[in-house]
Amino acid sequence: MLELFMHPFMIKALIVGVLIAVCCALLGVVLVLKQYSMIGDGLSHVGFGALSVAAVLNLSTPIYLSLPVVMVAAFFLLRITETSKVSADAAIAVISSSALAIGVFIASINGTNINLQQYMFGSILSVGESDLVISIVLSVFVIAMYFLFYNKIFAITFDEDFARATGIRTGVYNTVISLLTAITIVVGMRMLGTMLISALIIFPALTSMRLYRRFFTVIISSVVISVFCVVAGLFTSFTVSDIPVGATIVLFNLAVFLVFAVIAFVKNLLSKKIRK
Amino acid sequence: MSLLAVSDLCLGYEGKAVVRDISFTVNEGDYLCIIGENGSGKTTLIKGLLGLMSKYSGEILFSDDLEQSHIGYLSQHFKHKKDFPASVREVVMSGFLSRRRFGFGYSKAQYVEAHSVMEQVGIIELEKKIFSDLSGGQQQRVLLARALCATRRLILLDEPTSALDPIVTADFYSLLRKLSQDGVGVVMVSHDINSALRHATHILCLDDNSSFFGTTHEFVHSDQGRKFILSDCPCDDCTIIHNRGGIENA
Ligand SMILES: Nc1ncnc2c1ncn2[C@@H]1O[C@H](COP(=O)(O)OP(=O)(O)OP(=O)(O)O)[C@@H](O)[C@H]1O
Ligand SMILES: [Mg+2]
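Here the protein sequences come in this chain order: A and B.
For the first sequence, the working numbering begins at 15 and goes up steadily by one.
For the second sequence, the working numbering begins at 606 and goes up steadily by one.
Hints are computed from structural coordinates only; laboratory data are not their basis.
Built from N, CA and C at the ideal position, the CB exists for glycine as well.
Among the clues, some could well be false.
Claimed, not checked - Okay, the calculated beta carbon distance ranges per label pair:
id: 1; chain 1: B; residue 1: 787; chain 2: A; residue 2: 103; range: 44 to 52 Å
id: 2; chain 1: A; residue 1: 231; chain 2: B; residue 2: 741; range: 48 to 56 Å
id: 3; chain 1: B; residue 1: 724; chain 2: A; residue 2: 112; range: 51 to 59 Å
id: 4; chain 1: A; residue 1: 29; chain 2: B; residue 2: 687; range: 58 to 66 Å
id: 5; chain 1: B; residue 1: 724; chain 2: A; residue 2: 234; range: 23 to 31 Å
id: 6; chain 1: A; residue 1: 111; chain 2: B; residue 2: 621; range: 36 to 44 Å
id: 7; chain 1: A; residue 1: 286; chain 2: B; residue 2: 687; range: 16 to 24 Å
id: 8; chain 1: B; residue 1: 775; chain 2: A; residue 2: 286; range: 28 to 36 Å
id: 9; chain 1: A; residue 1: 278; chain 2: B; residue 2: 812; range: 46 to 54 Å
id: 10; chain 1: A; residue 1: 86; chain 2: B; residue 2: 775; range: 29 to 37 Å
id: 11; chain 1: B; residue 1: 669; chain 2: A; residue 2: 115; range: 56 to 64 Å
id: 12; chain 1: A; residue 1: 82; chain 2: B; residue 2: 814; range: 51 to 59 Å
To be verified - With a straight-line cut-off of 20 Å between C-alpha atoms, the simulated DMTMM-like cross-links for lysine to aspartate or glutamate are:
id: 13; chain 1: B; residue 1: 687; chain 2: A; residue 2: 174
id: 14; chain 1: A; residue 1: 281; chain 2: B; residue 2: 738
id: 15; chain 1: B; residue 1: 652; chain 2: A; residue 2: 174
id: 16; chain 1: B; residue 1: 652; chain 2: B; residue 2: 664
id: 17; chain 1: B; residue 1: 686; chain 2: A; residue 2: 103
id: 18; chain 1: A; residue 1: 48; chain 2: B; residue 2: 695
id: 19; chain 1: B; residue 1: 621; chain 2: B; residue 2: 664
id: 20; chain 1: B; residue 1: 652; chain 2: A; residue 2: 103
id: 21; chain 1: A; residue 1: 286; chain 2: B; residue 2: 688
id: 22; chain 1: B; residue 1: 734; chain 2: B; residue 2: 724
id: 23; chain 1: B; residue 1: 687; chain 2: A; residue 2: 175
id: 24; chain 1: B; residue 1: 652; chain 2: A; residue 2: 96
id: 25; chain 1: A; residue 1: 48; chain 2: B; residue 2: 688
id: 26; chain 1: B; residue 1: 652; chain 2: B; residue 2: 812
id: 27; chain 1: B; residue 1: 686; chain 2: A; residue 2: 174
id: 28; chain 1: A; residue 1: 286; chain 2: B; residue 2: 738
id: 29; chain 1: B; residue 1: 686; chain 2: A; residue 2: 175
id: 30; chain 1: B; residue 1: 734; chain 2: B; residue 2: 695
id: 31; chain 1: A; residue 1: 287; chain 2: B; residue 2: 738
id: 32; chain 1: A; residue 1: 281; chain 2: B; residue 2: 724
id: 33; chain 1: B; residue 1: 686; chain 2: A; residue 2: 96
id: 34; chain 1: B; residue 1: 660; chain 2: A; residue 2: 175
id: 35; chain 1: B; residue 1: 660; chain 2: B; residue 2: 812
Unchecked claim - Where chain B lies over chain A, by a calculated footprint (3+ residues, C-beta under 8 Å):
id: 36; region: 177-188
id: 37; region: 236-247
Bound-form chain A, shown alone:
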């Protein structure tokens, strides 16, 4: 068991995995409460398209292309969502499936060396030396920004109109939130894959809200759940070979969600009985 810990792959994967888990959990609470879950999904697909293009262009560090592309996409998706809720849903679906199609199309052209499976579902091995440094820097940046603006983020998520009326620049903070989301997704999708990164954003928040009712406790609980699932998923997929990490992590998230849902259900029943 200890040997597992000491394996250089594993150490790298653990560091990056835990940092991503924290970022995803923090932003997930905000995205879920603001009803922006679709944006996360859309961005990961845009990221996939960008990665494929980067591979065709033979870029040594694909993140240099995918990060700016996804950030620009995040900026515009947020604008669309702000102007109208109804068409925003459709617009995000169109953008994300187009990006996905572009990615698959490029990856399928003969002569490229893109491993589609790895892009879609992630891999621990994908964490290279330069990726490691970039990932750490970016996720520490995301976490620091989040704590710096914690109070403002709460105010804007809870009641944007009041925040704006009392002089908080909500446009700026919304943009900050979407850019942090873009960073998190770009960093996380190498390990977790395009299809599964958005699950890691949404699940911990949703799970925590089964049992916790305060903003602060929901955030703490989300972080704990998220880190636990990532670490457990990494170990499982490392010991049982051939299972992609992303899928394992998502399954752990699903399991924790079900446990929380059952506990909440039982708690509800009990409190009703006591009242009778």
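Starting from the known structure of chain A, arrange chain B with the ligands on it as the hints suggest.
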């Protein structure tokens, strides 16, 4: 000097004026009720005062020690997500944000202030509760406490009682009156003319043709006032007028 002085203000949407040539002032301790029919521009006026929309013409002057961002605000349509995880205290404390730039927590002084605001509004025993578990009236009080954390000088309320039952509404009105007696300027939109007349010190009546601003007493005796008020006024002035009318008729 008055907290808020508005002169010849015009506001509107897409080039069409909705609020035309409104002038009024709010002093410390004033309790101004804005009344008018649906669509007469009450919400628009509030938005204009908050700086959420730009004005066509006229002037909005705040007293020197009052910034626009230091106004408490309670909106007509609070889009509260049903299961939003937040404690009463988290909601109340978020009112301080306009006065603080960065940082994770709040200062000790702010906790003390929040505590006294919650006492003032009568929600101190709800402090540890979850916001979405509260009744509509309790939620409005919590939001009022948040508004008071944003400022102790001037609060704007847009139909804060529209979701409340009559008893809670009466409570809410007297709470506001108490606040205004403590020196807070209160500006409130209301459809409830009777409560407005009972509690407000000043009335601003928005009307397409002619708007009215003055004390509640003046309003009762104005042409606009007579349009809104159906019952006879029992005060001395009125009985004198009635009597005189009676004499002339005789
Ligand atoms: N966003 C908007 N764009 C264009 N016109 C608007 C907008 N909001 C309001 N109006 C128009 O401005 C006028 C005044 O609206 P406002 O909401 O200020 O009325 P109100 O007095 O608050 O009514 P209520 O009693 O129903 O709350 C209405 O005729 C309305 O049609
Ligand atoms: Mg209105």
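Each hint, compared with the structure:
no. : hint                      : verdict
1   : 787/B - 103/A: 44 to 52 Å : holds, 47 Å
2   : 231/A - 741/B: 48 to 56 Å : violated, 25 Å
3   : 724/B - 112/A: 51 to 59 Å : holds, 57 Å
4   : 29/A - 687/B: 58 to 66 Å  : violated, 39 Å
5   : 724/B - 234/A: 23 to 31 Å : holds, 29 Å
6   : 111/A - 621/B: 36 to 44 Å : holds, 41 Å
7   : 286/A - 687/B: 16 to 24 Å : holds, 19 Å
8   : 775/B - 286/A: 28 to 36 Å : holds, 34 Å
9   : 278/A - 812/B: 46 to 54 Å : holds, 53 Å
10  : 86/A - 775/B: 29 to 37 Å  : violated, 54 Å
11  : 669/B - 115/A: 56 to 64 Å : holds, 60 Å
12  : 82/A - 814/B: 51 to 59 Å  : holds, 57 Å
13  : 687/B - 174/A             : holds, 15 Å
14  : 281/A - 738/B             : holds, 16 Å
15  : 652/B - 174/A             : holds, 14 Å
16  : 652/B - 664/B             : holds, 14 Å
17  : 686/B - 103/A             : holds, 19 Å
18  : 48/A - 695/B              : holds, 17 Å
19  : 621/B - 664/B             : holds, 18 Å
20  : 652/B - 103/A             : violated, 29 Å
21  : 286/A - 688/B             : holds, 19 Å
22  : 734/B - 724/B             : holds, 15 Å
23  : 687/B - 175/A             : holds, 17 Å
24  : 652/B - 96/A              : holds, 19 Å
25  : 48/A - 688/B              : holds, 12 Å
26  : 652/B - 812/B             : holds, 18 Å
27  : 686/B - 174/A             : holds, 12 Å
28  : 286/A - 738/B             : holds, 15 Å
29  : 686/B - 175/A             : holds, 13 Å
30  : 734/B - 695/B             : holds, 10 Å
31  : 287/A - 738/B             : holds, 19 Å
32  : 281/A - 724/B             : violated, 32 Å
33  : 686/B - 96/A              : holds, 17 Å
34  : 660/B - 175/A             : holds, 19 Å
35  : 660/B - 812/B             : holds, 19 Å
36  : 177-188                   : holds (count 6)
37  : 236-247                   : violated (count 0)
In summary, the numbered hints that this structure violates are 2, 4, 10, 20, 32, 37.
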